[in-house]
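2 protein chains.
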Amino acid sequence: MNSPLRLGIAGLGTVGIGVVKIVQAHGALIARRAGRPIEIVAVSASSRKKNRSADISVYAWEDDPVALARRPDVDLVIELIGGENGAAKALVETALKNGKDVVTANKAMLAHHGQALAEAAEAAGRTLRFEAAVAGGIPVIKALSEGLAGNRIERVMGVMNGTCNYILTRMESAGLPYETVFEEARQLGYLEADPNLDVGGIDAGHKLALLAAIAFGTRVDFDNVHLEGIGAVSIDDIRLARDMGFAIKLLGVARMTGRGLEQRMTPCLVPETHPLGQLQGGTNMVVVEGDAVGQIVLRGAGAGEGPTASAVMGDVIDIARGLRLPTFGEPAADLTVAAPAAVSAAARWYLRMTLLDKPGALARIATALGDSGISIDRMRQYGHEGAHAPVLIVTHKASSDDIGDALARFEATGVLVGDPVALRIEDV
Amino acid sequence: MNSPLRLGIAGLGTVGIGVVKIVQAHGALIARRAGRPIEIVAVSASSRKKNRSADISVYAWEDDPVALARRPDVDLVIELIGGENGAAKALVETALKNGKDVVTANKAMLAHHGQALAEAAEAAGRTLRFEAAVAGGIPVIKALSEGLAGNRIERVMGVMNGTCNYILTRMESAGLPYETVFEEARQLGYLEADPNLDVGGIDAGHKLALLAAIAFGTRVDFDNVHLEGIGAVSIDDIRLARDMGFAIKLLGVARMTGRGLEQRMTPCLVPETHPLGQLQGGTNMVVVEGDAVGQIVLRGAGAGEGPTASAVMGDVIDIARGLRLPTFGEPAADLTVAAPAAVSAAARWYLRMTLLDKPGALARIATALGDSGISIDRMRQYGHEGAHAPVLIVTHKASSDDIGDALARFEATGVLVGDPVALRIEDV
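These protein sequences, in sequence, are chains A and B. Take 1 as the starting number for the first sequence in my numbering and just add one per residue. Take 1 as the starting number for the second sequence in my numbering and just add one per residue.
Here chain A stands alone, though its shape is the one from the complex (with noise of 0.2 Å):
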């Protein structure tokens, strides 16, 4: 049997204890398949005495994780620490400095110092991989860099925050408004201590511009990602949404075009046959497009223990056999600065609005869409009593820039009441 290869792992929440199980659980398994044992040699987090489900007590313990990257016993450090600065970040600088391999499960970082640390790593001879970033237990970084690596990628799309779509789900199901549904899921602790990281699109938006790097060959940036949170998401959407035969995701899209890389991560319309407008509840969906493969959908579990510790042992196990990837699959060096893309790609859109209900309203609203050059798919006026009249419109497609154009008309013909909402269709 060949040397084992010797872990440090630095956070013993509910990921690094997940990584701790799979070792002690697996260990033959896993050294037959890596080829070599993998053992856990130190250990480090916040309290030493906290309860845990597993046994560190066998293990080194470092009260200052940034020591694991210094400790000679240790060939690969596992930053769980989390935070996009910090002790992570210097774990992680100083693990690769010293000649040790990352595995990472933080995508803040990354979203904000993915290139340096890629170089970083590269100019140190070491790997640092971030399987678990995205999509938590889904194989998705390693189906899109290695996998689909014949492929020029044309789209990447994906449900990658499961607590938003946990979100959208129960209120559909339960009728329930975002407000309540949203408390629900603060009591049940699926919230980020700041919740805008999730219902705002953060982290999702971090998990998106990782793999629009991956995918399209350029540095992370995340900064010209286009963020809308679900929190304007209403039932009555949702309901109508449905009654068009699509379901409302917080979906991120990633593609490049003439352009330049377009990049969003907001609330979308997808039909409700294809898997995404089927997603239920807090799983992940990542849907890859290449022009050879076509349309590859991978579903799993987005969070939690075990899937995220299995793709933080994933990587692990790569490296263990001596796979050296850069860590965006192309050297740092070689990632281009994208342009981003001012104007997205033109698509259907979603409109819903409120009008006076007196004669001539609707034709100035139909009047104002051709104005913009939009044309009309679809409109129902729904049956309503008092003096409002509530309207729905599916145009064909049109580009955002058209859509803000024929918003501003809707609101100059005065018969509009309240703010109309405007959602994307994403063709999938």
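Hints listed in this document are in silico derivations from the structure and should not be mistaken for laboratory results. Take the hints with a grain of salt, since some may be wrong.
Same chains, same label: a pair holds when it works inside one copy or across any pair of copies.
As the list claims (entries may be wrong) - Below, simulated DMTMM-like cross-link-like pairs (lysine to aspartate or glutamate); rule was C-alpha separation at most 20 Å, straight line:
id, residue 1, residue 2
1, K21, E289
2, K21, D291
3, K21, E154
4, K97, E183
5, K397, E172
Please arrange chain B on chain A, whose structure you already have, making use of the hints.
For chain B alone, kept in the frame of chain A given last:
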């Protein structure tokens, strides 16, 4: 730039030409990803002059595919000839012996000779990979043997013959009997020259046997895959199953049980709400369940030029990058010989039969079930004209032995008209 990886391609049918096109179209992209250029040096096929959709005149030509394995200017042989023996096997054996790596899409060859070829590859210190042999463009071999390598795999399932899934979904959508849709599929060119490879489940059974070997660390054992084709599935069963919330799929299932390795490729009912139940047309789906990761679902094109060539190129790029994995994820010598499970795990069953419409008929069937130790979940007797009453039963969990016993008791009641239908309901 590092030295190029030089390919010899044997077989220039759909997939071979797909590989040529990818190498020609994406040379620079692939070189960046692989860290070295990938070049085609020599090709071989049955006819040099055949009209092809890619220019092969720039490559050296060999009339005898095995000659590719002897060329000093070839590093890696791509075997796309097909067939479990003959030229394909001779080529792979010679290539390995001569120090070439091998990538193949040949499921029949590996299902029958996988162990010997894996041993030959290891003895020669070369790599033999076969992503394209299972589920076309879906990178499932990679997901199972690498991304999920930290898991004890609990079950692998899949719809892995697009033609069968096309036939079953077309029967339902068009309301046509099996024979008619089979004939349509034949005329559309969807069927193998020997259609039993498709509709008899043999092709999909080959794939299942390969997945099982990786999942459970066992020697490929195609002979013990329990095969039932789709020829006996009727439009009535498809409709009645739907009526109960199920879809009928040709589903492969492999699991390691206390009684041994269970491998089945049979028509099964799956819930219509699960991605397996929603799979339409020729698309493939593989479901992998691991103890840490839970359930991962992979969906994509299972055949065709682009998807299959994408899978071949994934393997080629892996090898160019230096990834050297045992053929089945563990050293061939470590793969165990699994005892085949004689009885499949307990499941709910769908039973359909026609009874003589006379007093006590249904009671006799219910009694027979009870005497076999099987309890009833749901039972429906459908309205009818004439002397024959259609009856549908969904049982609680029962073993295949118990069901066999019940079917014998049904026969003995004397109230059956024709043969009853018994289909397993796979819990997903």
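Against the structure, the hints:
With identical chains, the CA atoms of K21 and E289 are at most 20 Å apart between copies only, with a shortest distance of 18 Å across copies and 35 Å within one. Only between protomers do K21 and D291 lie at most 20 Å apart by alpha-carbon distance; the minimum there is 11 Å, versus 40 Å within a single protomer. Only between protomers do K21 and E154 lie at most 20 Å apart by alpha-carbon distance; the minimum there is 17 Å, versus 38 Å within a single protomer. In the homo-oligomer, the alpha carbons of K97 and E183 never lie at most 20 Å apart, since the shortest distance is 44 Å inside one protomer and 65 Å across protomers.
For the identical chains of this complex, K397 and E172 are neighbours neither inside a copy (27 Å) nor across copies (33 Å), given an alpha-carbon limit of 20 Å.
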